[in-house]
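There are 2 protein chains.
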Amino acid sequence: MRMTSLFLRTLRDDPADAEVESHRLLLRAGYIRRVSAGIYAWLPLGYRVLRRIEQIVREEMDAAGAQEVWLPITQPLELWQRSGRDAAYGPELFRLQDRKDTGFCLSPTAEEVVTSIVATEYGSYRDLPVNLYQINWKYRDELRPRFGLLRGREFLMKDAYSFDADLEGLQQSYDAMFDAYSRIFARCGFVFRSVEADSGEIGGDTSREFMAVAAIGEDDFVWCENCDYAANIEAARRGEAAVRDSGDIPAMEEVHTPDLPGIAGVAKFMGVEPSAMLKCIAFETDGELGLALVPGDREVNELALRKALTGKTMRLFGDDDFAAHPELPKGYIGPHYAGASVVVADPAVRSGAVWVTGSNRVDNHVRNAVLGRDFDVDVWADIAAVAPGDPCPRCGHELRIDRGIEVGHVFQLGTKYSESLDARYTDANGEQHPMVMGCYGIGISRILAAVAEGNHDENGLAWPTNLAPYDVHLIAVPGRGEQAVAVVAEADRIYAELRAQGIEVLYDDRDVSPGVKFADADLVGVPVQLVVGAKGVGRGVVERKLRATGDRDELPLNDLGDPRAR
Amino acid sequence: MRMTSLFLRTLRDDPADAEVESHRLLLRAGYIRRVSAGIYAWLPLGYRVLRRIEQIVREEMDAAGAQEVWLPITQPLELWQRSGRDAAYGPELFRLQDRKDTGFCLSPTAEEVVTSIVATEYGSYRDLPVNLYQINWKYRDELRPRFGLLRGREFLMKDAYSFDADLEGLQQSYDAMFDAYSRIFARCGFVFRSVEADSGEIGGDTSREFMAVAAIGEDDFVWCENCDYAANIEAARRGEAAVRDSGDIPAMEEVHTPDLPGIAGVAKFMGVEPSAMLKCIAFETDGELGLALVPGDREVNELALRKALTGKTMRLFGDDDFAAHPELPKGYIGPHYAGASVVVADPAVRSGAVWVTGSNRVDNHVRNAVLGRDFDVDVWADIAAVAPGDPCPRCGHELRIDRGIEVGHVFQLGTKYSESLDARYTDANGEQHPMVMGCYGIGISRILAAVAEGNHDENGLAWPTNLAPYDVHLIAVPGRGEQAVAVVAEADRIYAELRAQGIEVLYDDRDVSPGVKFADADLVGVPVQLVVGAKGVGRGVVERKLRATGDRDELPLNDLGDPRAR
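Sequence lines, in order, name chains H and U.
Per numbering that gives the first Met the number 0, numbering through the first sequence is continuous, rising by one, with the last residue being 565.
Per numbering that gives the first Met the number 0, numbering through the second sequence is continuous, rising by one, with the last residue being 565.
Treat the hints as calculated values from the structure; they're not laboratory data.
Treat the hints with caution; some may be incorrect.
Unchecked claim - No farther apart than 25 Å at their CA atoms in a straight line, the calculated lysine to any residue pairs in the SDA-like style are these:
#, chain 1, residue 1, chain 2, residue 2
1, H, Lys99, U, Tyr124
2, H, Lys99, U, Ser35
3, U, Lys544, U, Arg51
4, U, Lys311, U, Asp227
5, U, Lys99, H, Lys516
6, H, Lys516, U, Gly413
To be verified - Computed, partial: chain H to chain U, Cβ under 10 Å:
#, residue
7, Arg8
8, Pro75
9, Glu120
Ideal Cβ placement from N, Cα and C applies to all residues, glycine included.
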């Protein structure tokens, strides 16, 4: 493609509303343009990269035995009501009505539609397994669209749905997708980890997220450097610490602790580590008051606490709640508070023999509080948030925490949708069972942004070979001298020859300064730059620059070979 | 693909709601499934064909210099209000609001979005021309979705938009698209004609439709067998008939004509041809009464009549109107009616010297009515609908009328959108002008249906080679004899060998009867069927059947070559 024809205007200045590097550079390099909040038009360069990712995903899905279909973007709301997801999605679901007032939504995923189709077509154990996928635009009415493509409202996603006769089959389908995902992300050229995840509104039991490691990621995840344990921060667990020896413990004793700010201050005053303090967090659950207990150096993982209360509501106390409970002094709560209808504690609370904690009276704490003597626990659950350095639950090695961008997600759904949408099969004995489902998503437009986050410098983008919009950026620098005509002729010849080899070439044939051409080439980020200039042509060479490393060398003008080869 | 794995269940019975062959067969053969009225899911076979058409379109658009982009499906309604198309589209536009009550529509086309983007990026005559296209799903809330994919509410369309500095440039861009379309439709393997068309809600002046000739087409079109004249029935013109010699004409005379049904009866009674009768049709226009005059063997082309009244409303009289005008007797209207504020006549009215027509009194007609003596005409316009056998307006040869499916449309838009959305450029003298636009659509999912309409028989579909979901349908018929194992082994070997050659093979390896396999193969419509059976393997041959013609021959088992070659 000649740049004199390419629909591209790069921007010299940073766009005002771009908060992250991928967004800033994709706008500056003319890959995308904003049409509305979280809604983008894909210009020629951007769309080429998107289609290359799409093709990698398609090839690996086909190789894994999944079959490509295309499901409607406009889906009957009635199906979503049957599965209960209409309500579960709430305002994130774009809704509309047709001229006859029939309700539709714009698909954020397609469990309902695909399940209802499989339910109609298949009905015997001989039909299973089957795995159907589509590459299609998805919709989510985000409250705060931001970070460009990373949290958009219209985005390209690959979603696959497997149907098996039993859990064993599901595990095989799931493993095949897991392996395909690993190959896809490796081919896209970025560092990723698969982490244990919470399933969110999709429902189901086992799920893992694939995270692209990135400083600007919206999600924290925990991982072990020693084994392959990794988990979303909300799903992360840690190994149990050793139980400390208790010995003889004096009776619990109240200590006056006025004007001491926070746990650190009290611990110092009492002469103990913060980890020897017992933190008591009040919450409301189904109209009653509960306490959550974690060591003083920990935070409560709210999601884990909610799960520990199986099915009940949960809301941490706010100022209004404390105002309504004057007998419960914020900052001085102790685990022996008599008004608690349920006490939930992290297993770490078992490891401390004695605790310093609140006394349930303002300006007072207690020391020598002992589990089973001075306070009791109703529910044990991993409710303490994981922190860097915690022991790995699998191997005991230290855990790390990093930020990541979620680019894929695999779920073992079970029978949630096949039950509600009647996708059943008859087994060899004539008995009916719901099909056992898995679902598997990849954010294709999000991968593009994640790769841009991980592959750029201050001058612009630097695409990995497999995803670049073009293989080679050919730059003619004819100058104003008598050699100019010869330089253009050589560049034209190289352009034709490389294309004849099947190499995709972006050819800067514009009548602009060399500086503008070099700056645009670095901004656009094609992996290999070839510069045809007057001096080089005089010496019979072309200069090659590798965008990612900045490495330069020269190639003979009359024997370029494949300039992509390193 | 092995049919034991393929997600496919063919239907033995005709679906109840399928009115046309393409719809009936695409459902029966498992290409598509209905999700809602006019909204379909594309199953593996259907999506493969759709993607092959998409790829042909993409290749020809790229070859013609157009650049692929992707524009949002969810478009801000505000842009549509600026162009005036929000109102023009009316209830056919799917509308929705986001959580902040911002209005959006689901794109039926994308003139507004693409024009606003080009307006932002480009501003100089040096930037032009540019032609951007996308292949994307489109939405139209049809009042009566029907005929399967032919009149759906969610459909795949290629839409391109050209931007030029002047009309000369537009003509070049338009011609390039016209040629690309001709190549695309030829590659898709169907008979098409490009016809003069009315531009509808898109606006603009010159436009042509590409029609696939098909008996079930929704649009009539007129074409000349002698020259390349062709037009949509609403836009069609005809050559002028020779003017009959008048000679001496007696005075106009009233004749009593009771109980004569219609023009044929009156003509017979009066001893003239229906073409010698003058038909007078009453209409309402901006609150006044008008008459439209055409020969008695013609119908009035309403669209042409409306255009002849430049900018005024037009509504043909109904029973209520006649009830309100008792002085104007329906069936007996004459052109000399004094209450008409405007009389519009087809040029054919000039060719008759004398006319038999209504007398404006019930049960009476007149003979010897003469233009200029007994009645006058205010507006001359081609308002008589074209009929088969009419002279071609270009060469005078007889015209034919056929039915067709509109599969493409090219428009010279001019400056309608560039004016309303401020897409201007500065010329070499520093003066500003609106860009001159063209737009070019192809219905990709509609092409698939049109090809199915033109390529089937009573047993099923018969795809042309370029569009078929697979190249070869390999059918194993192992039987129950001792040869069965050898037959399966041979079929497996052929399956592997053909795939190694890059041939796309659908392999019927199912444990079902030969009859079911043959019926499914004919229904699915892959162009070449290869049957591996016990007898053939014994003789060292494979039977080949060409689906479209039914021709059969045999190929040597050990030297199949490329079985696609005829």
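Here is how each hint holds up against the structure:
1. Note on Lys99/H and Tyr124/U: the hinted pairing is violated, with a Cα-Cα distance of about 47 Å set against a maximum of 25 Å.
2. Taking the CA atoms of Lys99/H and Ser35/U, the gap is about 13 Å. The hint holds against a cut of 25 Å.
3. Among the hinted pairs, Lys544/U with Arg51/U is consistent with the structure: their alpha-carbon atoms are about 23 Å apart, no more than 25 Å.
4. Taking the CA atoms of Lys311/U and Asp227/U, the gap is about 33 Å. The hint is violated against a cut of 25 Å.
5. Between Lys99/U and Lys516/H, the direct Cα distance comes to roughly 43 Å. Violation of the 25 Å bound is thereby established for this hinted pair.
6. Taking the CA atoms of Lys516/H and Gly413/U, the gap is near 34 Å; set against the 25 Å cutoff, the hint is violated.
7. Given the 10 Å rule on beta carbons, the hint for Arg8/H holds: about 5 Å separates it from the nearest Cβ of chain U.
8. For the restraint placing Pro75/H at the interface with chain U, the shortest Cβ-Cβ distance is roughly 5 Å, inside the 10 Å limit, so the hint holds.
9. Of the supplied interface hints, the one on Glu120/H holds, with its beta-carbon coming within about 5 Å of a beta-carbon of chain U, less than 10 Å.
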